[in-house]
Each structure stands twice: as structure tokens, then as C-alpha cells.
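Assemble the complex: chain A is given as a structure, and chain B with the ligands must be docked to it using the hints.
Chains A and B are the protein sequences, given in the same order. Residues 443 to 598 (my numbering) make up the first sequence, in order. Residues 540 to 1091 (my numbering) make up the second sequence, in order.
Heads up, some of the hints might be wrong.
Derived lysine-lysine pairs resembling DSS-like cross-links, with alpha carbons at most 27 Å apart [as the list claims (entries may be wrong)]:
hint, chain 1, residue 1, chain 2, residue 2
1, A, K450, B, K863
2, B, K863, B, K945
3, A, K499, B, K630
4, B, K863, B, K630
5, A, K450, B, K1086
6, A, K598, A, K499
7, B, K952, B, K786
8, B, K630, A, K450
9, B, K786, B, K704
Hints were generated in silico from the structure; no laboratory data involved.
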Amino acid sequence: MHMHRLEKWWLVFGISMLAIFLLVLGTATFAMGVTPPGEHRHTVNPETVTQNEPFDKPGLRQVGDNEYEAVILAFVFGYSPDRIELPVGAKVNFVLTSTDVVHGFHIIGTNVNMMAVPGEVNHTSYTFKEPGEYLVLCNEYCGAAHEQMQMRIIVK
Amino acid sequence: MLTNGTPELQIDRKDSRLVLAHILFAFGALFLGGIAGLLQGLVRGGVVKLPAEIGYYQLLTAHGVLMALIFTTYFIIGFLISGVSKTTGGKLLPISRHLGWLGYGLMSTGTVVGTICILLNQATVLYTFYAPMKASPYFYIALALVVVGSWMSGFGMFYQFGYWKKLHKGKVTPLFAFMAVTTMLMWIVATLGVAAEVLLQLIPWSFGWVDTVNVMLSRTLFWFFGHPLVYFWLLPAYMCWYVVIPKIIGGKLFSDALARLAFILFLLFSIPVGFHHQLMEPGISPFWKFLQVILTFMVIVPSLMTAFSLFATFEQAGRALGAKGLFGWFRKMPWSDVRFFAPFAGMLTFIPAGAGGIINASNQMNAVVHNTLFITGHFHLTVATTVALTFFGVTYWLIPALTGRKLTARINKLGMIQTVVWLVGMFFMSGAMHTVGLLGSPRRTAYTTYENHPDAFLWMPYHVAMAIGGTILFIGILLLIVNIVLLFRAPRGQEEFPIAEANASAEAAPRLFERWGVLISLVVVLVLIAYMVPVLDMINNPVPGSKGFVTW
Ligand code: HEM
Ligand SMILES: [Cu+2]
Ligand SMILES: [Cu+2]
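Bound-form chain A, shown alone (with noise of 0.2 Å):
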């Protein structure tokens, strides 16, 4: 099969930048550590999560020095806990699960963009550099009052 010589080049140029982005990518995944959310997999009976460990206490609770570990359950139409107050240059893991339906959590002005999937627990870790009142928001429709869906982070 006849491929112009033009087109040859085009496909070589094309192809090498493919390989370079994916490499790039690559790198950052696994090298580096840039994964997208909810790497563990860990697994909870949607039914009965609120009868078990950590679940069962949803809120924040401190890990370390200015690190703290955020246990959030989402449901129809909210968020428990439905706010939280850090200091500034808190670094956050958040672990997320759902009650009922698939529901979203992202922080607005942030990268923490993550589905809560019942029977799946999701994780992802945040350092809240600048203060603010951070609107967190259910992105996934989950019935007739989503657009209500929300929670505050208060940074101060």
C-alpha cells in the first residue's frame, strides 16, 4: 500500500508526540504519583455502613501534625458531616462512600473531583494552602433536589 511521502512524515511527527505525552503521563502516574482518586481498593455494604468503622463517626479527625483525615458519607440530598473547619496549610485524606445512588464531591477552586460509588470506598488527599470558604458540591445527578447537594470547608 502507496502512503505519500508527506504522509509518512505527518504519521511519524504525530505518533512520536503521542509517544512523548503518554510517557509524560506515565511518569507522572506512576513514577511520581499523580494517580487519579480511589487507588485502595476497599470495599463496604452500603446498607450497613453507618453501623461500622470509620463510617459510623463521619467528621474530621487528626492524623499528624496539621493532617487530618476527613470521613464523608454522601446521600440523598447531603453530606455528613455537612461542614468542616481547618487551619490553613491542613493536608487532608479524604475517605468518601455512598449511602444510596452515585454521587460526586467536588471541591470548587480545587483538584478534588471524586464519585462516591456505594460498596466502594473513594480516597484522595488535598493541602488547603489558602484560606476561604470552599464550596463543595455533589457534580453526579443523584435525583430530583441534586442542584442542593452541598457542603462547606471552612480554611482559616
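Quick look at chain B with the ligands alone, frame taken from chain A:
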């Protein structure tokens, strides 16, 4: 070529009727979906409030189903059947035509039942129907009917193609028919995922025969289908670009063999990639996510080939018409011919649209845009502009070619205006969606100020721009409907069904390209590599099942 005063049709009259039935159903869906879209834009912009009987999410379900599933599938099947008939002798075998009508009947029953469920508020689960939100079982049955119906039409095309090959042993198959078969094959493999989800998981659960559903498995099966779905929209547009456009601009195919290669690469690499829609989800390890991200980017190769081939076609045709220099061809293109202009506008839109798609699938960058209006802005460029404008451009010649009428200068002009209206509307709507999405505004969300949070307040001006753009787009749909009515009342005559020919010097495509057994095996191998381990894991170590919820 008038015989007895009736103009000769481009394909058999019975085939024309089948194709027209599909095309008109498609535009009916576009019109209804457009009304829903207009209202969504106005609600989010804070311009109107819906009466209590209609929910925002009910409208959004209707919009998604009618636009993404019904408009596209009907148009595509109609267009592919027309081209298969045209390039395999101008007449379908009775069995192929009957399968086409059977498919039409099944899909239409499904569409009507599904729409009734949505109107009765029994299925406000959006067009992605994520479990464990539980719709009426009849909604899932309706979707299954649409899928199975589309298979029937696909089988009809395969049969027609196989028959042609038998009669023309050793000859290269018609390019359009080859592409149609590849597209339908990809579609059938992809829809196996959603069919399994609906038939094995959702219907038994929704009837109450089983109590719980494996949510991760259902999402994975859905996205096994969900991503190839976008290529199912795109490939027919490519068929217009590869096969129809060269003829309209007075040129020849750039390379028949490379065009086939591009389609085969799409067949192979559009399916094993669904995890890139689940990047933000727990339960799938980063290794499998990343593997599928790599496979996702493989479709860049045939996309680059397509881009090259299109511009090479333009240049060749331009030079044949006397153009000089690197960009001389530009002036030789038939800019005021809507059959060229509308698809060309679609192609240009695909440049920013494709760049946006690369962002979406880029593993980490996805976190910035996941489930924001950026995504909605993205696919209003891809499917609702690139694909839709190409389909509109096809409609302007296809309807007259099927009805024995002429695309008059006046309708052509109205078509040009309609294309520009669409582009302007989309510039505002999609532009606003992209920008406000980067600021965090979520998709699939009714009007809200999040208890007057200042961030949400900043989004408002963009939501108003979305409403304005949406209104302009709706005017574009109205104009299109007017144009279609005018086409049916245009003077009788003969309109060309443009199918480009290969260059005289073209070589035949390698035999391998028509070894369907080999191609299907390759698809299966790739799917197994990408999916087998994680899916078996989901089945063998299932997450605790979820019972159903009706939260609307
Ligand atoms: C009059 C023209 C149109 C208008 C005004 C319009 C408007 C909208 C708006 C405002 C949304 C977002 C709603 C939200 O996320 O809250 C939306 C979603 C969507 N639109 Fe359109 N649209 C139009 C045409 C189209 C076309 C032609 C297609 C496809 C062929 C399409 C496919 C979709 C899809 C698939 C969604 C996503 C539905 C979902 O998230 O469940 N739209 N549209
Ligand atoms: Cu929600
Ligand atoms: Cu995709």
C-alpha cells in the same frame, strides 16, 4: 434522464422510502430534543421557571435520549442504508430491506415506550441511567428494543455487502459500503456491553426478580458501550468527508486503501477504552485505567490520517481546477454550496473539539473538568456541531435525491444561513459551557445558587450566555425544519448522490482489510486484554450489591 415525466431516483423507490422514514424520524427527535434543550438553557440561565408538573431532570433525560441516542441512530442508519444501496447497485435485496423495516419498527416501538416512561416521570435517570437509580423496567426494555432494532438494520447491510462480494469475486468492494459495514460491526460489538447491562442486570433487578445490582459492573458495561458510541456518531460523518465531499468539490478519493485502514483502526481502538470515563472512580486499579488511556490515544493515529487525507483531497481538487501555490486550493472550494460548507464547518469545529477531548482523557487533567459543564460544552462541539452539521449538509442533498427533487438555489441559501446560525449559537453556548466548566460549574444541575456562595454567583453571566446561545440554536433547528419542508416541495428534478471515485492510479487495498474473521478476532483480543482481568475481578470479588432507589 426523465422517464415518463417522473425523475429517476438515485436508489430504488422502496429503499428511498425506508431511508426517508429514518431521516424524518431523526429530525422529529431533533425538534423535540431541541425544545427540551432550549428550556434547559433558559432554566439554568435563570430566565424561566418550569411549571411544577415538569422537572428539569425529566427534560434533561428527554434531551439526552432524543438527541444522543435517537436522532443520531436514526440518521446514521438511514444514511448508511442509502449509501449501501447506492454503491451496491442501487437496490437492496428484499431481505436487507425487510430487516431494515424490522429494525425501524423495533427502534420506533422502543422510542415511543421510552418517551412515555420519561413523560410519566418513571425514568428520570438521564440517558446514562446509572444504577442504583432504578427506572421502570419498561424504560430498560425500550432501550433494549432500540439496540436490537439497530442490529437488524446492521445485519441487513452485512447481508447486502456479502451478496455484492459473492457477485463480484476478487473485486474491491465499494468504499462507502465497506465503511458502513465497519461502522455497524463496531456498533454491534460495542452495544453488546449495554445489552448485557440492561438484559442481565437492570431488567431483572427493576422487575424485582433480584434484589441488588453490582454497580461497578454496570458502570463498566455501560462505558464499554459509551465511548464507542461517540465513534458511532463520528464515523458516518467521516464517511461523508471521505467519500461524499471529494465528489462535491470535483475531486477524487485521495487514497481508497488508507481510508479503509483508518476505519479498521477505528474499529480496533474505539472499543477497549471505556475506563477513561471512570478515571475518577474507585474499584479499578490505576494500571488498568492507564492501559485504557493509552489505547484511547491510539485513535489519534487514524484521526491524523483522516486530517491529512482531507486536506490532500482539497489540494488535489484545487490544483485540478487550476489553483497554484500551497494555499491556492482554498479559493477553489465551493464555499457557497451548503453541501460542502456545512460539513466543512463541522470539520473545522473538530479541531478545538478534538483538543478538548484529549484534555478530558488525560488521566490527571480529567479531575479539573470531570462532570463540569466543560464536558457538556465539549460534546456540543463534537456531536452537536461536527457531526450534526455534517448530517445537515448530507440532508440537503439526500432528501432531494430520494424524492426526485432539486436542491434549489434558494434552499441552498437558506441552508447556508441555517449553518451560520448554528455556528453562532454554538459559539455562545459551547464557549460559555467550556469557560464556566473550568470555573467548576457542574453539568446536569438545575438552577441553583448554592445558598448564594460567591463562586456560584460568578457563574451566572456564563449561564446567561448559554441561554442566549441555546435560543439561537433553537432558531437554527426551526430553520432546518422549514428547509426540510421546502425540500419536499421543491421542483422535481434529479439531484446527485455524490460518491467520489478512486484515482485512476490507485492501488487496490490489501486483502487483509476484508478478512473479517481476522479483524473480529483482533477486536476480541484487544477487548480481552483491556477488560478481562478487571471485569473478572468485579465479578469474582463483587462489591456488596445495591438495592434500587427512586430519588426523583
Ligand atoms: C437547540 C439545540 C440545543 C440546545 C439549546 C442544547 C442545550 C443543552 C443544555 C443546556 C444541556 C446541559 C444541561 C445540563 O447539563 O444541565 C445539554 C445537554 C446535552 N445535550 Fe444539548 N442542546 C442542543 C442540541 C443538542 C444536540 C443536537 C445534541 C446531540 C446530537 C445534544 C446532546 C446533548 C447531550 C448528550 C447532553 C447531555 C445530557 C446529560 O448530561 O444527560 N444537544 N444540551
Ligand atoms: Cu447529586
Ligand atoms: Cu470516551
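To see whether the hints hold, each was checked on the structure:
no.	hint	in the structure
1	A:K450 x B:K863	24 Å, holds
2	B:K863 x B:K945	33 Å, violated
3	A:K499 x B:K630	70 Å, violated
4	B:K863 x B:K630	42 Å, violated
5	A:K450 x B:K1086	54 Å, violated
6	A:K598 x A:K499	24 Å, holds
7	B:K952 x B:K786	20 Å, holds
8	B:K630 x A:K450	39 Å, violated
9	B:K786 x B:K704	24 Å, holds
When each numbered hint is compared with the structure, violations occur for hints 2, 3, 4, 5, 8.
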